[in-house]
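Can you make the complete structure from the sequences, with help from the hints?
Keeping their order, the protein sequence lines are chains H and C. Counted the way the numbering used here counts, the first sequence spans residues 1 to 105. Counted the way the numbering used here counts, the second sequence spans residues 106 to 629.
Keep in mind that the hints were calculated from the coordinates and are not lab data. Bear in mind the structure is a predicted one, so any value in this text is a computation, not a measurement. Don't take each hint at face value.
[Unchecked claim] Covered, in the sense of this in silico footprint (three residues per stretch, anywhere, with C-beta under 8 Å from a C-beta of chain H), are these stretches of chain C:
id : segment
1  : 340–352
2  : 468–474
3  : 482–488
4  : 495–504
5  : 507–514
[To be verified] Listed below are the simulated DSSO-like cross-link pairs for lysine-lysine, each with C-alpha atoms no more than 27 Å apart in a straight line:
id : chain 1 : residue 1 : chain 2 : residue 2
6  : C       : K443      : H       : K21
7  : C       : K480      : H       : K21
8  : C       : K443      : C       : K480
Where is the CB? At the ideal position from N, CA and C, for every residue including glycine.
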Amino acid sequence: MSAISREEVAHLATLARIDLKPQELDRLADQLDVILQSVATVSEVVRAVEDADGRPVPATSHPMPLRNVTRPDEPRPGLSADEALGGAPAAEEQRFRVPRILEED
Amino acid sequence: MSELIRRSAAELAELLTAGDVSSVEITTAHLDRIAAVEASGRAGVHAFLHVARDQALAEAAAADQARADGAAPSALTGVPIAVKDVMTTAGLPTTCGSRILQSWVPPYDATVVRRLRDARLPILGKTNMDEFAMGSSTEHSAFGPTRNPWDLNRIPGGSGGGSAAALAAFEAPLATGTDTGGSIRQPAAVTGTVGVKPTYGAVSRYGLVALASSLDQAGPCARTVLDAALLHEVMAGHDPMDSTSLAGPVPPVVAAARAGASEGIARVRMGVVRELHGDPGEGGGGYQAGVRARFDEAVELLVKEGVEVVEVSCPSFTAALAAYYLILPSEASSNLAKFDAMRYGLRVLPDEVADPTAEQVMAATRAAGFGDEVKRRIILGTYALSSGYYDAYYGSAQKVRTLIQRDFAAAFEQVDVLVSPTAPTTAFPLGDKLDDPLAMYLNDVATIPANLAGIPGMSLPSGLADEDGLPTGFQILAPAQADDRLYRVGAALEALLTRQWGGSILDHVPDPARDGADLQGAAR
Chain H
1 MSAISREEVA HLATLARIDL KPQELDRLAD QLDVILQSVA TVSEVVRAVE
51 DADGRPVPAT SHPMPLRNVT RPDEPRPGLS ADEALGGAPA AEEQRFRVPR
101 ILEED
Chain C
106 MSELIRRSAA ELAELLTAGD VSSVEITTAH LDRIAAVEAS GRAGVHAFLH
156 VARDQALAEA AAADQARADG AAPSALTGVP IAVKDVMTTA GLPTTCGSRI
206 LQSWVPPYDA TVVRRLRDAR LPILGKTNMD EFAMGSSTEH SAFGPTRNPW
256 DLNRIPGGSG GGSAAALAAF EAPLATGTDT GGSIRQPAAV TGTVGVKPTY
306 GAVSRYGLVA LASSLDQAGP CARTVLDAAL LHEVMAGHDP MDSTSLAGPV
356 PPVVAAARAG ASEGIARVRM GVVRELHGDP GEGGGGYQAG VRARFDEAVE
406 LLVKEGVEVV EVSCPSFTAA LAAYYLILPS EASSNLAKFD AMRYGLRVLP
456 DEVADPTAEQ VMAATRAAGF GDEVKRRIIL GTYALSSGYY DAYYGSAQKV
506 RTLIQRDFAA AFEQVDVLVS PTAPTTAFPL GDKLDDPLAM YLNDVATIPA
556 NLAGIPGMSL PSGLADEDGL PTGFQILAPA QADDRLYRVG AALEALLTRQ
606 WGGSILDHVP DPARDGADLQ GAAR
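Right under this line is the structure:
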């Protein structure tokens with residue numbers, strides 16, 4: 001059984017905001033199917049350990065314990081408007097100029 | 106004096122300190138060498154995406170002035186360096202090997218780059234890489250692959266193939282890298298150079314274009330263990346701009362490298378990781394015979410020196426690759442969401458849409474600006490994080506991460522360092538694995554566990570494989586924040602091997618520069 005369908009890949013591409021061509025969808029669906037079947041072993045490995053230990057394995061999101069880091073809230077120099085806009089695809093009146101953000105009604 | 110380009114960074118620093126040569130002379134010799142080696146364009150080594158000749162020479166002159174004033178800020182002041190194109194450089198292009206950043210010039214320096222500038226290391230240019238550091242061959246660069254100086258038809262490893270190839274082709278004495286799953290160590294292994302992934306948090310991630318934030322770590326690339334240590338001390342240190350930056354002092358890696366070379370490493374307890382040895386049926390089977398032979402011989406050599414070697418088992422490592430290829434795409438899909446075509450980088454308008462929305466522009470830009478591997482991993486990560494699949498995929502992968510940390514903790518109760526071959530094979534031919542993502546991912550099978558656990562790792566040359574005459578890598582792993590152990594053991598092994606070989610392995614690399622043009626201006 002395949003782990004992922006072409007339709008699912010198309011939906012994921014929409015979520016990820018990538019306009020994939022039809023032939024890209026075909027190829028990706030095949031490749032992701034192989035990759036997903038391979039990486040699905042993680043749940044089997046975890047289940048085997050949990051069954052042997054009789055308790056759940058905690059998840060680790062990060063190699064070191066994370067703690068929040070704060071600094072005094074003091075003003076300091078940052079980028080100028082020109083520097084911040086220097087790489088913008090389009091700028092106007094010291095602002096990023098973007099395409100329209102609303103659908104037409 | 107012999108060719109400056111063949112000198113180690115430590116030797117160049119000594120020459121500079123003695124006043125025998127200037128940084129401008131050293132930097133000029135390397136820029137001329139780059140011009141000669143890169144003259145073949147993409148058919149040649151193609152280690153660099155951008156060469157910063159004028160700026161490098163100005164920085165070299167400033168370094169000479171600092172030394173003349175008796176105010177050299179670092180032992181490496183005046184020694185030039187190549188910088189991986191994943192690190193932001195104010196005033197120099199930073200593309201990450203991607204079309205989406207093709208003409209981007211960052212407005213600020215990464216902390217690592219700032220440290221190089223503060224230490225006055227002239228920056229020769231930016232090195233090629235797999236797009237957004239996704240790959241093990243540098244073939245996923247949008248600007249064409251880097252080729253291995255040992256054989257121009259073969260890959261230089263990845264993602265940091267540009268930095269490793271630049272070192273092996275004597276285009277730079279030092280380079281920087283980033284290692285998310287092996288991107289410093291695997292290129293080092295297949296090019297006969299040295300690469301170190303420090304402990305997670307040792308080197309600031311500020312200004313590094315993020316791939317997977319919980320795995321990314323910058324580190325030194327060099328031709329000798331001592332050179333890597335000297336660069337490590339320049340790059341590492343606490344940075345308030347990175348909330349995951351370690352607060353403690355940098356381990357004494359330079360002293361460790363010198364001690365390892367001069368005093369040896371008798372009484373060190375070393376563990377050979379069974380699951381990373383490539384034995385059939387141990388999950389990472391299929392290691393090339395020559396890779397295993399050179400590794401086993403290096404271990405024997407250390408045993409003769411009095412090192413205590415035991416086999417250790419880390420059973421969860423067989424699931425490390427699978428966990429990595431869930432965690433990495435998940436984090437990458439989130440990190441790469443920032444490429445939205447609005448604030449910087451490429452903007453592509455969709456065809457046949459009269460008045461496109463921002464979303465349509467974003468989707469068209471990402472379709473045109475990202476390569477196949479980046480799209481593949483973004484989609485994979487989006488899937489692994491989606492509701493309904495999260496527990497089975499991303500959640501389980503995070504639990505495997507716990508198991509791998511436990512395996513390392515148990516192993517380091519028995520031994521001081523762990524060792525393995527760095528990569529399962531020597532450099533493979535260009536194109537060999539390009540259409541088979543799973544085969545490509547297997548290159549990282551031995552390097553990935555260190556990233557998942559956050560511990561430091563080094564690769565150094567262990568010799569040339571009998572079957573193809575190409576370099577093989579020896580990996581050393583140490584507990585978190587014990588990076589100095591890598592350097593102590595690495596320098597000791599390097600000293601033993603170079604004595605056995607009668608010189609460096611890079612004495613045997615073919616000269617990729619055309620018509621001997623490299624010798625003009627390079628020889629002093």
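Consistency of the hints with the structure:
Chain H is given as covering the segment 340–352 of chain C, and this holds because 4 residues of the stretch bring a CB closer than 8 Å to a CB of that chain, at least three being needed. Evaluation of the coverage hint for the segment 468–474 of chain C: fulfilled, as 4 residues show C-beta separations to chain H shorter than 8 Å, against a requirement of three. Counting residues of the segment 482–488 of chain C whose beta carbon lies closer than 8 Å to any beta carbon of chain H gives 5, which meets the minimum of three for the stated coverage. Look at the segment 495–504 of chain C against chain H: 7 of its residues bring a Cβ nearer than 8 Å to a Cβ of that chain, three or more, so the hint holds.
Note: the segment 507–514 of chain C has 3 residues with beta-carbon separation from chain H under 8 Å; the three-residue rule is met and the coverage holds. A hinted pair counts as satisfied when its Cα atoms are at most 27 Å apart, and K443 (chain C) with K21 (chain H) qualifies at roughly 22 Å. Taken as a hint, the K480 (chain C) and K21 (chain H) pair is honoured in the structure, with Cα atoms around 12 Å apart against an allowance of 27 Å. Distance hint between K443 (chain C) and K480 (chain C) is fulfilled; the C-alpha atoms sit about 14 Å from each other, no more than 27 Å.
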